[in-house]
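If you read the sequences in order, they're chains G and P. When the letters of the first sequence are read in order and numbered with numbering that gives the first Met the number 0, they come out as residues 0 to 91. When the letters of the second sequence are read in order and numbered with numbering that gives the first Met the number 0, they come out as residues 0 to 178.
Calculated from the structure, these hints are not laboratory results. Being a predicted model, the structure only gives us computed values, none of them experimental. Think of the CB as a built atom: it goes at the ideal place given N, C-alpha and C, for glycine as much as any other residue. Each hint should be verified, as a subset may be incorrect.
The calculated label-pair distances, taken between Cβ atoms and stated as ranges, are [what the hints assert, rightly or not]:
hint, chain 1, residue 1, chain 2, residue 2, range
1, G, Ser14, P, Ala88, 48 to 54 angstroms
2, G, Asn40, P, Arg169, 23 to 29 angstroms
3, G, Arg9, P, Phe85, 47 to 53 angstroms
4, G, Thr8, P, Ala88, 52 to 58 angstroms
5, G, Ser38, P, Ala38, 36 to 42 angstroms
6, G, Arg9, P, Asn119, 27 to 33 angstroms
7, G, Thr8, P, Asp5, 35 to 41 angstroms
Listed here are the chains, written in short residue letters.
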Amino acid sequence: MPDRPRNFTRPLIGSTLVLRVLASAITLTSFGGMTIYASENLHAANAPLQPAAVATATPTPTTAPTTVTVGRATRRSVTSTSTAPITRTKQS
Amino acid sequence: MTLSTDLIWVVARSTGAASLVALTLSVLTGIALRTGTFAWLSHNRGVRVVHGFLTVLWIPLGLAHVIALLFDRYAQVGLIDLVVPFGVAYGRLAIGLGTISTQLILVVLVSTWMRSSLTNGQWQWFHRLSYIAFIAAFAHGVMSGTDLANPVVAALAWVTAAAVALVALRRVTRTRVAA
Chain G
0 MPDRPRNFTR
10 PLIGSTLVLR
20 VLASAITLTS
30 FGGMTIYASE
40 NLHAANAPLQ
50 PAAVATATPT
60 PTTAPTTVTV
70 GRATRRSVTS
80 TSTAPITRTK
90 QS
Chain P
0 MTLSTDLIWV
10 VARSTGAASL
20 VALTLSVLTG
30 IALRTGTFAW
40 LSHNRGVRVV
50 HGFLTVLWIP
60 LGLAHVIALL
70 FDRYAQVGLI
80 DLVVPFGVAY
90 GRLAIGLGTI
100 STQLILVVLV
110 STWMRSSLTN
120 GQWQWFHRLS
130 YIAFIAAFAH
140 GVMSGTDLAN
150 PVVAALAWVT
160 AAAVALVALR
170 RVTRTRVAA
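The whole structure should be built from the sequences, with the hints applied where relevant.
Right, here's the structure in full:
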């Protein structure tokens, strides 16, 4: 029987099945952990990339009625008055 | 936001992070084949088996990540963006790096499947593209990854990147280990 080299060390895991299970466990743990974390934190305000579509496509419910009210009030004032600035605006 | 939109967003993030973890393990075991870095953990044959087995993990996760992003209305990634990088209006560079990484990984995968019809030198050159693919994937994760704003997730990401860098440095400085 040939002698083993002096610096020969037996590896911690000899079975390839155990190695595959270990790799699967690491990957699936990260998948599960990230799924739980992502579902609990849907939006990260300090994320490097923010969804630009939110600002343009989805109006916030708190500001929208205020804007509409102001708009209506402005339109009412425009239609019910005949002051010089509004006339100029219409001509331009 | 509807439940399906939330679900798509969660799936996109979790599969992206998990595929990066599996890809990191794949790169680590691939480099360790030549350096014997994991000799304390297992013999070289075991490391080789795990390196091949990891494709079973990161390919489906990566595919799920891409498919989820195709359905995500915020990311606005289209089929054409899988072919032409840097065409996305939203997060152009960050998502474009993901496209580059996907394409390079595909080249590496196809060259591995065609290994019998390539010379060893050709196959090695194709396989070395996985280093660039990993760097592009990591940069994609750092630049667009929502969860990397979390210090714990960021620490894990940088630790894995440091591990790859150290093993790669060892690969450069050490001689080849017999398989």
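Comparing the hints with the structure gives:
As the Cβ distance of G:Ser14 to P:Ala88 is approximately 50 angstroms, the hint placing it in 48 to 54 angstroms holds. At roughly 36 angstroms, the beta-carbon separation of G:Asn40 and P:Arg169 lies outside the given 23 to 29 angstroms, and the hint is violated. For G:Arg9 and P:Phe85, the Cβ-Cβ distance of about 50 angstroms falls inside the hinted range of 47 to 53 angstroms, so the restraint holds. Take G:Thr8 and P:Ala88: their Cβ atoms lie about 55 angstroms apart, and the range 52 to 58 angstroms holds.
Remark: the range hint 36 to 42 angstroms for G:Ser38 to P:Ala38 is upheld by a beta-carbon distance near 40 angstroms. Our hint of 27 to 33 angstroms for G:Arg9 and P:Asn119 holds, since their Cβ atoms are close to 31 angstroms apart. Judged by the Cβ atoms, the range 35 to 41 angstroms given for G:Thr8 and P:Asp5 is violated: they are separated by roughly 50 angstroms.
When the structure is compared with the earlier hints, violations turn up for hints 2, 7 and for no others.
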